[in-house]
Amino acid sequence: MLRIRLRRTGQKHQPSYRLVVADQNARRDGDFVEIVGHYNPRSEPTEIVVNEERIKYWLGVGAQPSDTVHRILHKQGLTTTEPRKQATKPSRVEREAVAAAEKAAAEAREAAAKAAAEAEAAAKAAAEAAAAAPAAEADAPAAE
431 MLRIRLRRTG QKHQPSYRLV VADQNARRDG DFVEIVGHYN PRSEPTEIVV NEERIKYWLG
491 VGAQPSDTVH RILHKQGLTT TEPRKQATKP SRVEREAVAA AEKAAAEARE AAAKAAAEAE
551 AAAKAAAEAA AAAPAAEADA PAAE
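In terms of our numbering, the numbers along the sequence shown are unbroken and rise by one, the last being 574.
Warning: the hint list may mix true and false statements.
Claimed, not checked - Straight line, CA to CA, 30 Å or less: simulated BS3-like cross-link-like pairs of lysine-lysine:
1) Lys544 / Lys442
2) Lys519 / Lys533
3) Lys544 / Lys515
4) Lys505 / Lys515
5) Lys486 / Lys519
6) Lys554 / Lys544
7) Lys505 / Lys519
8) Lys544 / Lys533
Just so you know, the hints here were simulated from the structure itself, not pulled from any lab data.
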C-alpha cells in the first residue's frame, strides 16, 4: 500500500521534510515513488509547498496519508475528513476525579443493596409476625 508521508532532510537539529509517496514498508528516508511537496516547520511562518494536482491524483488512486501529512493536507484544504485527534493522557487531577466518582458510585450501590436487604428482612419479619398473630389468637382461650 502506498503512503504519503514525510521524509526527513536538512542538517542536524535543523530538520525540513519532503512530502513523498512511498511504499508503507519502505524506510523513512528510503525509496520513494514521487516527491509531492516539502515542509519546513522551522521557518516563520511554517513553509508548506504542495503539488495539489499530484496529491489529488495519489489520493485518488488509494494512497493513504500519514497522520501528520493528513493534518498538513487538511490545513491546505486538500482533504475533507478531519484529522484524527491525538490521544492525550489524562492529568492526575482528572484521574483522581474519575476514581472518586467511581468510589462514590460503588458506595452508593453498596448502600442501596444494604437498604434493600434491610427492607427485605423487615418485610419478612412483618410477614412472619402477621402469620404468627392469627395462630396466637387461635391458641388463646376465648374471653367471654
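Going through the hints against the structure:
Of the supplied pair hints, the one linking Lys544 and Lys442 is violated, its CA atoms being roughly 67 Å apart against a limit of 30 Å. This hinted pair checks out: Lys519 and Lys533 have alpha carbons roughly 21 Å apart, not beyond 30 Å. Using a Cα cut-off of 30 Å, the hinted pair Lys544 and Lys515 is violated, with the two alpha carbons roughly 44 Å apart. Only pairs whose Cα atoms come within 30 Å are accepted, and Lys505 paired with Lys515 is accepted, the gap being roughly 14 Å.
For the suggested pair Lys486 and Lys519, the alpha carbons sit about 35 Å apart, so the restraint of at most 30 Å is broken. Distance check on the hinted pair: Lys554 and Lys544 sit about 15 Å apart at the alpha-carbon level, within 30 Å; holds. Distance restraint check for Lys505 and Lys519: the Cα-Cα separation of roughly 25 Å lies within the 30 Å cut-off, and the hinted pair is therefore satisfied. Pair hint Lys544 plus Lys533 holds up; C-alpha atoms about 16 Å apart against a cutoff of 30 Å.
Of the numbered hints given earlier, the model fails hints 1, 3, 5; all others are met.
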